[in-house]
Structure formats: structure tokens, C-alpha cells
Amino acid sequence: MEVQETRVQTDRVLTIPNILSMARLVGVPVFLWLILWPVFGGPNCDVWALVVLMLSGISDYLDGKLARRWNQISKLGRLLDPAADRLYILSTLVGLTWREILPLWLTGLLLARELMLLVMVGILRRHGYPPPQVNFLGKAATFNLMYAFPLLLLSGSSGWLGSLAAIFGWAFAGWGTTLYWWAGILYVVQVRRLVRADSQAD
-9 MEVQETRVQT DRVLTIPNIL SMARLVGVPV FLWLILWPVF GGPNCDVWAL
41 VVLMLSGISD YLDGKLARRW NQISKLGRLL DPAADRLYIL STLVGLTWRE
91 ILPLWLTGLL LARELMLLVM VGILRRHGYP PPQVNFLGKA ATFNLMYAFP
141 LLLLSGSSGW LGSLAAIFGW AFAGWGTTLY WWAGILYVVQ VRRLVRADSQ
191 AD
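When the letters of the sequence shown are read in order and numbered with my numbering, they come out as residues -9 to 192.
Please keep in mind that the hints were generated in silico from the structure rather than gathered at the bench. Bear in mind the structure is a predicted one, so any value in this text is a computation, not a measurement. No residue lacks a Cβ here, since even glycine has one placed at the ideal position from N, Cα and C. Hints may be right or wrong, so weigh each one.
[To be verified] Here are the simulated distance ranges between beta carbons: (1) G31 with P93: 23 to 29 Å; (2) G118 with W95: 49 to 55 Å; (3) S147 with V185: 46 to 52 Å; (4) Y119 with S153: 24 to 30 Å; (5) L101 with L151: 38 to 44 Å; (6) E104 with M44: 22 to 28 Å; (7) I113 with G31: 31 to 37 Å.
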């Protein structure tokens, strides 16, 4: 089901929600650098990478909540929020796959979904439509994956902590991947309906 937003949008750029989204975007290369540093001979910075990922999750929750509460929903914010979500997912996939924490098949499955959505956005643009709005399933999938990734990162630890993190990490990864593809299929159905309505109108 698509999230319907009835509040008036603003063209303001420097709002608190937008600043939070921009900070999340700045955190993407920082997170990727921290998680890949051991691969290039640097110290293990997984704890700091987890801190950046945790702060990203908090800001993801706050930017949407504050935008609605303070009537600061903006066109820029509607672009920044999903962009930050996708970039964090992509950077985490790159980092964890490079570290051999994530298997290639799971990375390929998630990247295939992103490629499918990219094709759908191109089709919408050809018909004069903006990218589809984030739906509830898409947000739920992102939250599951954002829980899964740090847990899977912790799963490399020895002892009970690593074992527990692996169990819950793979559970969140399974749910997140399933919901991610479910949301993607709903996007495809939505695009198909719009394109069909457009062709019938002509």
C-alpha cells in the first residue's frame, strides 16, 4: 500500500529534516571507509562503522517524523531520504561482500532488485511521471536490512555474541530481502498501471 501524504510540500532546502538527510549522505563514504580499512591493512574499525550505521538509522527515523510534525515536508527531502537509504544499503553490500561476510548470491539478489527499480524509474520518466513514492513495505524492508547488516558485521566476533548476532542478523536479512523484493514488485505493478492508463488515454 502506498504511503499517502496530504500535507503541503515546501521548496525550502535548509530544514532540520533535510539537514539530517544530508548528514546521512555524508556518512555513506565515512561508513564505507571504516568498514573497508582492515582490507587495506588498516586497523579494525567495525565498532565505529556500527556507530555510523546506528546514527544513520536514528536520523532516518527522525527526518521523516520531524518533517511531518513540523510541516517541513519538502521536494528535496522526498529525494534525499530514499537516496540515502539506497546508498547506505549499496555501500554496506559492497563493504560486507568485500569482507566476505555477505555471500555473493545475496548481494546479487539485492542488486538485481535495485536494477529493476532503476529500469522502472526510466520508464516512468519517459511517460512524464516522477519516481514512485516510498511505500510502507519499502520502508519496512530498509529497516530490516539496516538491522541485519550491523548484526552480520558483529557475527564475526567470537563467543556467544557472534553466534547470537549471526542468528538474528540472518533472520533480519531474510525478512528484509523478502520485503525488499515484495516492495519492488509492487512498484512494477504501479508502473504498469500508470503506463497502461497513459496509453489508453492516448
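Evaluated hints:
{"no.": "1", "hint": "G31 with P93: 23 to 29 Å", "result": "holds (25 Å)"}
{"no.": "2", "hint": "G118 with W95: 49 to 55 Å", "result": "violated (37 Å)"}
{"no.": "3", "hint": "S147 with V185: 46 to 52 Å", "result": "holds (48 Å)"}
{"no.": "4", "hint": "Y119 with S153: 24 to 30 Å", "result": "violated (47 Å)"}
{"no.": "5", "hint": "L101 with L151: 38 to 44 Å", "result": "violated (29 Å)"}
{"no.": "6", "hint": "E104 with M44: 22 to 28 Å", "result": "holds (23 Å)"}
{"no.": "7", "hint": "I113 with G31: 31 to 37 Å", "result": "violated (45 Å)"}
This entry does not satisfy hints 2, 4, 5, 7, going by the numbered hints stated previously.
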